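Chemist: Going by UniProt numbering, the first residue of the sequence shown is number 1, and it counts up by one from there.
Because the hints were derived from the structure by calculation, they are not lab data. All values reported here derive from a predicted model rather than from experimental measurement. It is possible that part of the hints are untrue.
To be verified - Label pairs and their in silico Cβ distance ranges: (1) LYS159 x ALA304: 27 to 33 Å; (2) SER368 x PHE273: 32 to 38 Å; (3) GLY302 x ILE486: 52 to 58 Å; (4) ILE486 x LYS159: 52 to 58 Å; (5) PRO269 x ILE392: 18 to 24 Å; (6) THR301 x LYS390: 26 to 32 Å; (7) ILE155 x LEU498: 38 to 44 Å; (8) TRP205 x GLN480: 36 to 42 Å; (9) GLU413 x ILE486: 29 to 35 Å; (10) PHE273 x THR494: 26 to 32 Å; (11) GLU413 x GLN128: 32 to 38 Å; (12) GLN480 x LYS159: 46 to 52 Å; (13) GLY219 x ASP364: 45 to 51 Å; (14) LYS125 x PHE481: 38 to 44 Å.
Unchecked claim - Straight-line distance between alpha carbons at most 27 Å, and here's what the computed BS3-like set of lysine-lysine pairs gives: (15) LYS125 x LYS142; (16) LYS229 x LYS209; (17) LYS314 x LYS282; (18) LYS182 x LYS267; (19) LYS182 x LYS282; (20) LYS390 x LYS474; (21) LYS152 x LYS229; (22) LYS152 x LYS213; (23) LYS180 x LYS162; (24) LYS390 x LYS282; (25) LYS152 x LYS142; (26) LYS129 x LYS282; (27) LYS152 x LYS182; (28) LYS210 x LYS180; (29) LYS314 x LYS125; (30) LYS159 x LYS210; (31) LYS159 x LYS180.
All residues carry an ideal CB built from backbone N, CA and C; glycine is no exception.
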Amino acid sequence: MKKQFQLLLFTLLAIIILLLVQDWQRWLLDTLNIGLSLTVFFIAVVIFLENRQPARTITWLLVLAVFPVVGFIFYIAFGQSLRKRRLFRKKAFLDNLQLASAAPSKVIEKNKLNLMGEHQHALLKLAQKLGQHPVSFTTETKVLTNGEATFKEIIDAIKRAKHHVHLEYYIVRNDDIGTKLKEALIERMSEGVEVRFLYDAVGSWRLSKKYIKELEEAGAEIIPFFPVKLPVLNHKINFRNHRKIVVIDGSIGFMGGLNVGDEYLGKNPSFGFWRDTHLFVKGEGVKSLQVIFLQDWYYMTGQAITDHSYFEVKPAQGDHFGAVQMVSSSPYSEWEVIKSLFFSMITSAKRAIWIASPYLIPDDDILSALKIAALSGIDVKILVPNRPDKRIVFYASHSYFPDLLEAGVRIFEYEEGFMHSKVVIVDHELASIGTSNMDMRSFHLNFEVNAFLYRTDSTIQLVTDFIDDLEKAKEVNFTQFKKRSIFKRIIESTSRLLSPLL
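Take the sequences, apply the hints, and build the full model.
Modeler: Here it is as C-alpha cells:
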C-alpha cells in the first residue's frame, strides 16, 4: 500500500512538473514572440522613417513581414543606415584632413575647359563639384587589357621602386601571381623601400597568415580593411573596400578591375579566359590615387602620412593627354558620386552609350536614363558575361533585360570567357574605367574608385577594345529571351527582389 501511494504521489508530481514546464515553455514562447514582434515593428518604423529608396524600403519591409527572424538578423548585419552614418562620420573627417595635406587645386582653367565639347562642360563641372580630386590635363594614361599585361606592368614597376610602394586590393590570393607580387615586394624592401598594403578583410578572407607574416617580417605594414570577427552579426561586413590601387614612388599608379589572383590570368577552369581592364597612370592623377590610399590607411591605422615627399608628382609632359579625374565613392559620401557621374554621362550622350559590366543591377535612375536614351535613338550597347560567378546577381541582372530590350537597348553576352571589365564609354569621347560595377552595391555600399577620361588616347583604346569584345559576344534576341521558362523567370524575379539587399 505504501509503495502504491508513493507511486501515485510520484506520478502526480510528475504530471504537475510537466504541466508547469509546458506552461513555462508556453510563457517563454509567448514572451519571445511578443518581443520579436515589437522589435520587427520598431525596425519597420525606423526603415520607413529613413526615407530610403522605395525599392529598398519595400524589400526590407517584405522580408521582415514574411521572415521576421531572418529579416531581423539581416537587418542587424546589413540594413542599419543610422549605424552606417555613425561608423563613417569619423572616416569623412579623417579624409578631409588627409586631403588638406595634399592641397589639390580644383579650379579648371577656362582655356582647358574650352578644349572639351560644350555639352561636356556640365559634366566636368559636376565632376569637380562632387569629386574631391581635380580634373587634370597633365596626366598620362594607358589602357592595360587583361591580366598578363596588367601584372607584368605592375611587377616591373615595383621592381624599379626607390622610395615606397602602396597597394590596396579587394582580393589577394596566395597563389602563383600573389607569390610573384610578394617576392617583388620583399626584394624591394631589402633595398629599403617602404611597403604599405591594405587588403579587404572579407574579399581576402582566404589569404594565409603565412603570406602576411612573410611580408611583415620583410618590413611591410599590411593591414586588413574592416576586419569582422562575427560576420553574421557585424554590420561592417556589408561595407567592403572594392578598390584596386597601386602607387609607386608617388609618380606612377595603377587602378581598375583586376584583383590579385590566378583566375584574373585565366587560370581558373571554371571561368577560362578572364576579360578585364586596368589603367596605368602617370603624372598629376597619381596624386589623387595616393590621397585615396592614404585616406583609407589613416582610417584603418591612425597613421597620418602627410610628408610632401609622398605628393611630389611631376606633371606628364605634353598637351595631348585630354582630361583625367580620379573619383572615389564610399558608403559615407554625401552624394552617390560615381553613380551621379554615370547618370550625367548617360544623359549627356548624343550618339552612343557603351557599357561593360559583370553585374547589371541598375537603380531606377540609371535604368530610366538608359531606356530614355535608347528610345531617343542613341546607340546603347551593354556587354555582360554569359556565365555567372555569383548566381543570385547573375539572375538578378537578367531580370532587367526585358525592360532594356523593349526600349531598344542592345545587350551582348561575352562568350570567350568571363567578362569582368567595368567600362562606360559615351560618344567615343568620354569614358570611365575603374572598380565600380553598374549595380546598387557599387553605388551605395562599397568603397570604389574610377578614372573619368575626357578625350584621351585611352578612350580611343577603350572603344577599340569594346568593338573587339562585341565580336566575341552574342547579342540577346528579345523574341527568344521572352520564351524562357516560367521557372527561370521566377528565379530572376526572386533574385531581383533581393537585389536591393545585395
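Chemist: Each hint: holds or not?
Modeler: These are the hints, each one checked on the structure:
1. LYS159 x ALA304: 27 to 33 Å: holds (29 Å)
2. SER368 x PHE273: 32 to 38 Å: Since SER368 and PHE273 have Cβ atoms about 34 Å apart, the given range 32 to 38 Å holds.
3. GLY302 x ILE486: 52 to 58 Å: Holds, since GLY302 and ILE486 (Cβ atoms, about 55 Å apart) stay within the stated range.
4. ILE486 x LYS159: 52 to 58 Å: holds (57 Å)
5. PRO269 x ILE392: 18 to 24 Å: holds (23 Å)
6. THR301 x LYS390: 26 to 32 Å: holds (31 Å)
7. ILE155 x LEU498: 38 to 44 Å: Holds, since ILE155 and LEU498 (Cβ atoms, about 39 Å apart) stay within the stated range.
8. TRP205 x GLN480: 36 to 42 Å: Since the Cβ atoms of TRP205 and GLN480 sit about 40 Å apart, the hinted range of 36 to 42 Å holds.
9. GLU413 x ILE486: 29 to 35 Å: violated (22 Å)
10. PHE273 x THR494: 26 to 32 Å: holds (31 Å)
11. GLU413 x GLN128: 32 to 38 Å: holds (37 Å)
12. GLN480 x LYS159: 46 to 52 Å: For GLN480 and LYS159 the Cβ distance comes to about 51 Å; the hint holds.
13. GLY219 x ASP364: 45 to 51 Å: The hinted range 45 to 51 Å holds for GLY219 and ASP364, with Cβ atoms some 49 Å apart.
14. LYS125 x PHE481: 38 to 44 Å: Holds - the Cβ-Cβ distance for LYS125 and PHE481, about 40 Å, lies within 38 to 44 Å.
15. LYS125 x LYS142: holds (24 Å)
16. LYS229 x LYS209: holds (16 Å)
17. LYS314 x LYS282: At roughly 9 Å apart (the allowed maximum being 27 Å), LYS282 and LYS314 satisfy the hint.
18. LYS182 x LYS267: Given that 27 Å is the threshold and the Cα spacing comes to 19 Å, the pair holds.
19. LYS182 x LYS282: Status holds; Cα separation ~23 Å.
20. LYS390 x LYS474: Satisfied, since the Cα-Cα distance of roughly 21 Å is no more than 27 Å.
21. LYS152 x LYS229: Not OK: LYS152 and LYS229 at ~35 Å, beyond 27 Å, violated.
22. LYS152 x LYS213: holds (25 Å)
23. LYS180 x LYS162: holds (19 Å)
24. LYS390 x LYS282: Not OK: LYS390 and LYS282 at ~34 Å, beyond 27 Å, violated.
25. LYS152 x LYS142: holds (14 Å)
26. LYS129 x LYS282: holds (24 Å)
27. LYS152 x LYS182: Within the cut-off at roughly 14 Å; holds.
28. LYS210 x LYS180: Status holds; Cα separation ~15 Å.
29. LYS314 x LYS125: holds (25 Å)
30. LYS159 x LYS210: holds (22 Å)
31. LYS159 x LYS180: holds (11 Å)
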